[in-house]
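Model the placement of chain B on the given structure of chain A, informed by the hints.
Residues per chain, in single letters:
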Amino acid sequence: MKEIRSAAAEGLASCHLCGKVSPVELGTCPRCRSPLHLRKPRSLERTWSFLLAAMVLYLPANLLPIMTVAGIGGTSHDTIMSGVLNFWKKGDYLVAAIIFTASILIPILKMIALVWLCFAATGRTGASPKTLVRLYHLTELVGRWSMVDVFVVAILVALVQIGALSSVFPGPAIVSFAAVVVLTMFAAMSFDPRLLWDHRTGADPADHP
Amino acid sequence: MSPDTEEPRAIVRHRRRWSSVWVVPLAALAVAGWLVWKHYADRGPVAHVRFETADSIESGKTEVRLRSVRVGFVESIDLAEDLRSIVADIRMDPEYAGLLRQDSRFWVVKPRFSASSISGLSTIISGAYIELEPGESRIMAQHFDGLEEPPVTSATVPGLRLTLVAEDAGSLAVGSPIYYRGFEVGRVERRSLDIDNRSIRFEVFIEEDYASLVREGTCFWNTSGIDFAAGADGFKLSTSSLQAMLSGGAAFAVPKGGTAGEPASNGDIYKLHANESAAKDSIFNPDRRCLLFFEQSVRGLQPGAPVEFRGLPLGRVVEISFRHSPPGDSRVPVLIEIDADTLRQASDRNLDESQLLTTAVRSGLRARLSTGSLLTGALFVDFDFVTDAPPAEISYIDDIAVIPTLSSGLLQIEAKVNAILTKLEALPLDETLGKFGKAADEIAITIAEARATLAEAEGAMAGAKKLLSRDETQNLPAELDATLKQLRASVESLGPNGSVQGDLARTLDELRAALRSFKTLSDAIEDKPNSLIFGREGSGDPVPRAKR
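Those protein sequence lines, which keep their order, are chains A and B. Here the first sequence is numbered in my numbering, starting from 11 and rising by one per residue. Here the second sequence is numbered in my numbering, starting from 3 and rising by one per residue.
Among the hints, a few may not be true.
Taking lysine-lysine pairs in the BS3-like style, the calculated list, with each CA pair at most 27 Å apart, reads [to be verified]:
id, chain 1, residue 1, chain 2, residue 2
1, B, LYS273, B, LYS258
2, A, LYS100, B, LYS63
3, B, LYS425, B, LYS440
4, A, LYS99, B, LYS440
5, A, LYS50, A, LYS30
6, B, LYS468, B, LYS487
Simulated DEER-style distance windows between Cβ atoms [unchecked claim]:
id, chain 1, residue 1, chain 2, residue 2, range
7, B, ASP196, A, TRP98, 56 to 66 Å
8, B, ALA12, A, LEU36, 14 to 24 Å
9, A, ASP102, B, ILE127, 21 to 31 Å
10, A, PHE179, B, PRO153, 26 to 36 Å
11, A, ALA164, B, ILE127, 26 to 36 Å
12, B, ILE141, A, GLU55, 52 to 62 Å
Keep in mind the hints are simulated off the structure, nothing from the lab. Since we're looking at a predicted model, the values are computed, not measured. Glycine included, every Cβ here is placed at the ideal spot set by N, Cα and C.
Okay, chain A solo, but in the shape it has when bound (with noise of 0.2 Å):
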């Protein structure tokens, strides 16, 4: 088996910004000045920060109502949760599944692969680095999907103002809820999956600026 080269092996780096592959030690891009990297710098570490701080406001997005429906009969409060229950039991089986899974279940894989993710790039699972590429792929692409929540919020805020006959407030998690998305967005971008085989390669060329 011909052994692949990496650019990196070489001290070549590819530029964040334009692409243009140069030799590291020149520090600049010469195209476009912007500083060399043969990886992105502290990946690792900037994907957990961000992966902890999603983490954390997972809960109080979950927890509090994300939405106030003031009406006729009265006052409701829904959590996310709730509201995916409500229409489990009025029978609206497939927008409960959509609500659950954009809500619900997407953002917690995406975290759990995320973590899975780093733990990789630092060797610790056994995993090919095809399929972790595969769910690194999966994961930046589905990542945005979960704004839906989001956004049926921000809808129905602006669109159900009926006055006493019923009026739509957002709840305090709809922030942190959207907070979650941004900054899972964020843990998956500042990832560098090519961390996920230099360690196979022996190599660690993150420890080269």
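What follows is chain B alone, placed relative to chain A:
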């Protein structure tokens, strides 16, 4: 080391131990903590309110309002431990946490229909809500007992709160109106049975504007429904307003003759009379009890029947019972109570109590039963001074004065008729009739004599007729006629065409001429008084003469 050799200088790069990116999770932690803390801090306190049922209360939906402003909501509803009531956990809005005072009251506002009012209609659509009425206390509380019925008047509304005590609740209910001269001025707020005193207690509210109408001497009475009474005063039918007929009501006034007194204050207790007349009677203040013994049936006389003095109210019958009579006495004892003042005004005002009755009885005061109404046959006791009454003295049984009585009107008439009949019976009718017969015979004789006298008179008349038919008598009118003619001629000579009249006219003319000349003379003397002596002269001034 030579100074010209360039020494490589190490570039020291401090690897920062902690990246600034760790601020992000810290900030996230702070934000999350703040969100959670705010959420729980924003929740107000919980009040546990006990209700009989959770009817129309829904957890998470039913709101708690104060003057229609939302101050909280029902978070959850649980059965009480004894399963006899429910406990609604009310989450107050944080800004209204101070409303949970110890004497705050809660009740459910839902549609209620009663004869006097319909309330809570708005809750048909919007659903029931719980009304909170904050108390005055400074002590906060968590556990409350909710009211099953909304309080009629909020305790904070200023006004007069009184207690009425009645023997019978009648149709007076919570919310029944209180009237003053037919105008609604208050409401019954609560009614309860006072077991110790076996009476009904009504707590009533009089609006502040009308509170001054309630005085010390005010009487309250029940105006519920239709009051029909048949008594010594005849039939009496009184009704109140339709609302009061349906839902009951009470009225108050200071009865005529009563004294108003001081205005009432909160918490005063009044007696609620059964009807208006009872209330009016209540101001009557009998200060003396008397016994009457009647030797006749007292059927129709009832306790409460009026005692009158010549038509003026004097008192009332208290009791009709043989309890008061000495053993062996078949007369019916009637215990009455009277207001001696009325009697005193009718007689000597300076006498004291005991002397008054003694003197009055001596001067003929007697009691008798009279029929108040022929329709109902109800009796009343009538006092009067009877001048020809058999003399009697006042006596006492157990310190109660016994006033002598007379048999009443009808009985008296009966006795008189009897007496007349007895007298009629005793009359010597046969003898009288015999005398009548004799008298008739004598009359017959007299008539025969009279007839003879008439015959004689007839004879005399015939004589007179004969006299008239004689010639002299016939000629008498002709002579009379001649005499009259002569008389007329002599009278005519005196008339305007007669000779006497002409003489008289002439004489008068002469007299007139004489008077005229005398006037001329007097004028001349007036002009020139000396003309009488010196004669008339022409005046000094020549008077021009008109040409001829």
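Verification of the supplied hints:
no.	hint	in the structure
1	B:LYS273 to B:LYS258	17 Å, holds
2	A:LYS100 to B:LYS63	18 Å, holds
3	B:LYS425 to B:LYS440	25 Å, holds
4	A:LYS99 to B:LYS440	131 Å, violated
5	A:LYS50 to A:LYS30	15 Å, holds
6	B:LYS468 to B:LYS487	30 Å, violated
7	B:ASP196 to A:TRP98: 56 to 66 Å	58 Å, holds
8	B:ALA12 to A:LEU36: 14 to 24 Å	20 Å, holds
9	A:ASP102 to B:ILE127: 21 to 31 Å	26 Å, holds
10	A:PHE179 to B:PRO153: 26 to 36 Å	34 Å, holds
11	A:ALA164 to B:ILE127: 26 to 36 Å	30 Å, holds
12	B:ILE141 to A:GLU55: 52 to 62 Å	57 Å, holds
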